[in-house]
Amino acid sequence: MQDDTRQGDLLVILRHAPHGSSWLKEGLDVALVAAAFDRRVTLLFMGEGITALLEGQQAGPLGQKGTAPTLAMLEMYDIDSLLVEKRGMEALGLSDEQFMLPVQGMDADRIAELLASHALVLNF
Amino acid sequence: MLLHTLNRSPLSPVLDQALAGMGPEDRLLLIEDGVIGALPAQQARYASVAGRVYALHEDLVSRGLLALCDEAVRVVDIEGFVALTEECERTVSWY
Numbered sequence: 108m109q110d111d112t113r114q115g116d117l118l119v120i121l122r123h124a125p126h127g128s129s130w131l132k133e134g135l136d137v138a139l140v141a142a143a144f145d146r147r148v149t150l151l152f153m154g155e156g157i158t159a160l161l162e163g164q165q166a167g168p169l170g171q172k173g174t175a176p177t178l179a180m181l182e183m184y185d186i187d188s189l190l191v192e193k194r195g196m197e198a199l200g201l202s203d204e205q206f207m208l209p210v211q212g213m214d215a216d217r218i219a220e221l222l223a224s225h226a227l228v229l230n231f
Numbered sequence: 004m005l006l007h008t009l010n011r012s013p014l015s016p017v018l019d020q021a022l023a024g025m026g027p028e029d030r031l032l033l034i035e036d037g038v039i040g041a042l043p044a045q046q047a048r049y050a051s052v053a054g055r056v057y058a059l060h061e062d063l064v065s066r067g068l069l070a071l072c073d074e075a076v077r078v079v080d081i082e083g084f085v086a087l088t089e090e091c092e093r094t095v096s097w098y
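Keeping their order, the protein sequence lines are chains A and B. Convert by adding 107 to the 1-based position in the first sequence; the result is the number in the numbering used here. Convert by adding 3 to the 1-based position in the second sequence; the result is the number in the numbering used here.
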């Protein structure tokens, strides 16, 4: 049984920024649904998707919901494996002290391994 | 003088297309995901239009980016956006 569970581990890659499109929101929704069905879920933030982690986000100018409240709920769904592409963080000049949740930085060469080691990879 | 609006982040190739289309006096207004370009670490990407880069206040606020905005980027609100469209002959959208 343990092996089956591991084979069902899900990697969700989040590459889009909050508010600009619904991609980030949809990726997070998939992660929450999978976790609710007892999948082990890992989130990988890449590129502009990393800005989703920034503190101090708000609703959009027209009252559109942001994604920060969803990120705040991840712990409740036992999603605590939050990975961030280091190169993307450097490109945007961000550091994990500016993030609302604790994350683990990933070197570029570890990312391919990460994709190879997950049976399920969903790219948003 | 034209106003160019850009709703893509500096990590997008669309920025290069917008920059290629900009004349020597044209202004660049960053909106939606474009405001990620207001981060200090990305200013080199906008070197060719330095001093002519604007970012929309409302979009910076919703993304938690207002406090992180580079000093060289001029922050304008929606009324400032309207004023820019008045000052410029035409507006071109890059998306």
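Treat the hints with caution; some may be incorrect.
What the simulated footprint calls covered on chain B by chain A, stretch by stretch (three residues with Cβ under 8 Å from a Cβ of chain A suffice, anywhere in the stretch; the number is not a length) [unchecked claim]:
{"id": "1", "stretch": "8-14"}
{"id": "2", "stretch": "29-43"}
{"id": "3", "stretch": "82-95"}
Source of the hints: derived by calculation from the structure; they are not laboratory data. Quick reminder that beta carbons are idealized off the backbone N, C-alpha and C, glycines included.
Each hint tested on the structure:
{"no.": "1", "hint": "8-14", "result": "holds (count 3)"}
{"no.": "2", "hint": "29-43", "result": "holds (count 5)"}
{"no.": "3", "hint": "82-95", "result": "violated (count 0)"}
The structure fails hint 3 only (numbered hints given earlier).
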